Every structure is written in structure tokens, then in C-alpha cells.
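Protein chains in written order, with our numbering: chain S, 4 to 148; chain A, 4 to 148.
Hints are computed from structural coordinates only; laboratory data are not their basis. Fair warning: this is a prediction, and the values are worked out from it, not measured in the lab. It is possible that some hints are incorrect.
For chains that are exact copies, the list does not tell them apart, and a pair is met inside one copy or across any two.
Straight-line distance between alpha carbons at most 20 Å, and here's what the computed SDA-like set of lysine to any residue pairs gives [said to hold, decoys possible]:
{"no.": "1", "residue 1": "K113", "residue 2": "R42"}
{"no.": "2", "residue 1": "K142", "residue 2": "T29"}
{"no.": "3", "residue 1": "K142", "residue 2": "A132"}
{"no.": "4", "residue 1": "K142", "residue 2": "S72"}
{"no.": "5", "residue 1": "K142", "residue 2": "S131"}
{"no.": "6", "residue 1": "K142", "residue 2": "S35"}
{"no.": "7", "residue 1": "K113", "residue 2": "E82"}
{"no.": "8", "residue 1": "K142", "residue 2": "A112"}
{"no.": "9", "residue 1": "K142", "residue 2": "S83"}
{"no.": "10", "residue 1": "K142", "residue 2": "S98"}
{"no.": "11", "residue 1": "K143", "residue 2": "R97"}
{"no.": "12", "residue 1": "K143", "residue 2": "A132"}
{"no.": "13", "residue 1": "K142", "residue 2": "T130"}
{"no.": "14", "residue 1": "K142", "residue 2": "A64"}
{"no.": "15", "residue 1": "K143", "residue 2": "G12"}
{"no.": "16", "residue 1": "K143", "residue 2": "Q91"}
{"no.": "17", "residue 1": "K142", "residue 2": "T123"}
{"no.": "18", "residue 1": "K142", "residue 2": "R7"}
{"no.": "19", "residue 1": "K113", "residue 2": "K143"}
{"no.": "20", "residue 1": "K113", "residue 2": "K142"}
{"no.": "21", "residue 1": "K113", "residue 2": "D135"}
Now for the letters of each chain:
There are 2 protein chains.
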Amino acid sequence: MDDRLLTTGLADEIEFLTARARAVGTAHANASLAPLDLRVRSYSVLALAASGVDPTQRELAEFLSLDASQIVALVDGLESRGLVVRTQDARDRRSNAISATPAGRALAAKAAVIVRRAETESLSGLTSAERDRLRELLKKAAFTG
Amino acid sequence: MDDRLLTTGLADEIEFLTARARAVGTAHANASLAPLDLRVRSYSVLALAASGVDPTQRELAEFLSLDASQIVALVDGLESRGLVVRTQDARDRRSNAISATPAGRALAAKAAVIVRRAETESLSGLTSAERDRLRELLKKAAFTG
């Protein structure tokens with residue numbers, strides 16, 4: 004790492020630091036998920052589909068900060084692998100609810116373990132207490148504003 | 004916000020939370036920078052070019068977690084507006100160093116104020132002490148691993 008740029012004002016901006024932390028974390032998580040033929044985005048959709056909540060595509064897009072077209076492509080990919088199915092949403096007949104198949108739930112469980120491990124590895128410079136505090140503050144940051 | 008999805012395991016993963024916090028922060032910062040005809044990425048390059056460090060394109064790419072081709076396009080855009088110039092790097096004659104013109108430095112200073120304000124607005128759910136703690140933890144997360 005080049006220390007020269009760390010002395011700049013940009014290196015103290017939360018916007019920049021969040022983007023960089025995310026790039027570092029995503030690269031490591033993508034590499035860790037590769038043996039399961041998943042990436043962070045497809046894993047996120049699968050994890051939500053396997054959560055028992057049966058989200059609609061619109062809920063997935065909003066929650067994951069992705070476009071509707073990106074969600075459709077991700078769901079298509081998981082559906083073609085037999086990991087999720089589209090069913091009619093019980094609360095809104097015009098919407099599809101996405102739920103994981105038994106194979107999808109099994110893969111989601113495996114992937115969740117891998118992502119947790121990747122998180123600890125990516126954040127090896129933080130203590131366990133610091134990781135928990137970061138999680139708590141990011142949760143506030145991600146769900147206000 | 005849909006509380007249903009907040010109960011899922013994904014909502015506790017730092018990888019997911021960082022991606023979401025970044026999406027929220029970037030959208031707000033981009034909107035705030037629009038009057039200056041800047042976006043977060045072009046602003047980041049301009050801020051580093053105006054910092055006095057005169058980074059090379061390679062340093063910019065590494066620091067901002069962007070591809071070389073993205074950096075070239077961003078520098079081209081700023082150069083065509085007279086905000087930065089490419090000069091021969093004093094430490095490595097084969098590299099270009101990017102430095103801001105007086106107009107670039109003036110715009111970078113304006114933009115930095117806007118980005119700081121956008122940061123406070125985006126993180127309105129956090130106290131000032133929590134923002135500082137988040138900054139500190141993100142810095143550790145962004146520069147280890």
C-alpha cells in the first residue's frame with residue numbers, strides 16, 4: 004500500500020473508505036465463493052431466497068441496491084441451476100416471490116459459512132469487538148439516510 | 004424500508020452492509036456533486052490530483068480500487084475540462100503524474116466541502132462520535148487484508 008496517498012484528505016472521507024472497504028471485501032468474498040460457482044451478488048439473492056421470507060424481486064432490488072434488470076438476471080441464473088423458484092407472492096398476486104429449493108437452501112448454508120470466514124479474513128486487522136462495532140455502525144449507516 | 008428482510012442473516016454480514024452503505028452514500032454524494040458536474044469517482048481523482056502528492060495513474064487505480072482503463076477515462080475527462088494535467092513523474096520517467104491546475108484545485112476544495120456535508124446528511128442516524136468511530140474502523144478495514 005502506498006502511504007503517500009493515505010496522507011490526503013480523501014483518505015478520511017467515509018464515502019471513499021466505504022467504497023474501498025467494499026472493494027476489498029467483495030474481491031475476497033468473490034474469490035472465496037468461486038468454488039461454489041457463486042459471487043457476492045448471486046449469493047446475496049440466494050441467501051435472501053433461502054431465508055424463509057420469500058422476497059419479491061422488487062424487495063430484492065431495493066434491499067440489495069441493484070436495478071430490477073440485474074435482479075432478473077441473477078434470479079434467472081439461480082433458477083436455471085435449480086437453486087430458486089419463482090412463485091406467486093401470497094401478498095401481491097402481480098408479484099413473483101423468490102424462494103430457494105432444498106438444493107438452494109443447502110448451497111446457501113454452505114456459502115454463508117464461507118462468507119463469514121471471508122469476512123474474518125478480510126478484517127484480520129480488526130479485533131472481534133471492533134468487527135462487531137463496525138457491523139453495528141454500518142447497519143445504522145446502511146439503513147438511514 | 005422493508006423490515007422483513009432486515010431479519011435475515013444477510014443483514015448481519017459486513018460484506019452486505021458495506022455494499023449497501025456504499026450504495027446509499029454514493030447515490031447521495033453523486034446527487035450533491037451534480038451541480039459541479041462531478042461524480043464520486045471523478046471527484047476522487049480530482050481530490051488526489053489536488054492534494055500535492057501528484058499521484059501516478061497506477062497509484063490512483065490501486066488507491067481507488069479501479070481499473071487502469073477507468074482511471075484513464077476519468078483523467079481524460081478532467082484534463083479536457085482543464086482541471087488536471089499529466090506531467091512526467093519525477094520518480095519514474097515512464098509514468099505520468101497527475102496534478103490539478105489552479106482551476107482544478109479550486110473545484111476540488113469546493114467539492115470537498117460538499118462531500119463532507121453529504122457525508123453528514125447520509126449518516127444522519129449516527130452521532131458525531133459514531134461517525135468518527137465508523138471512519139476509524141473503515142480505515143482499518145479498507146487498508147488491511
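(request) If any of the earlier hints don't hold here, list their numbers in rising order. (result) 4, 6, 8, 9, 10, 11, 16, 19, 20 and 21
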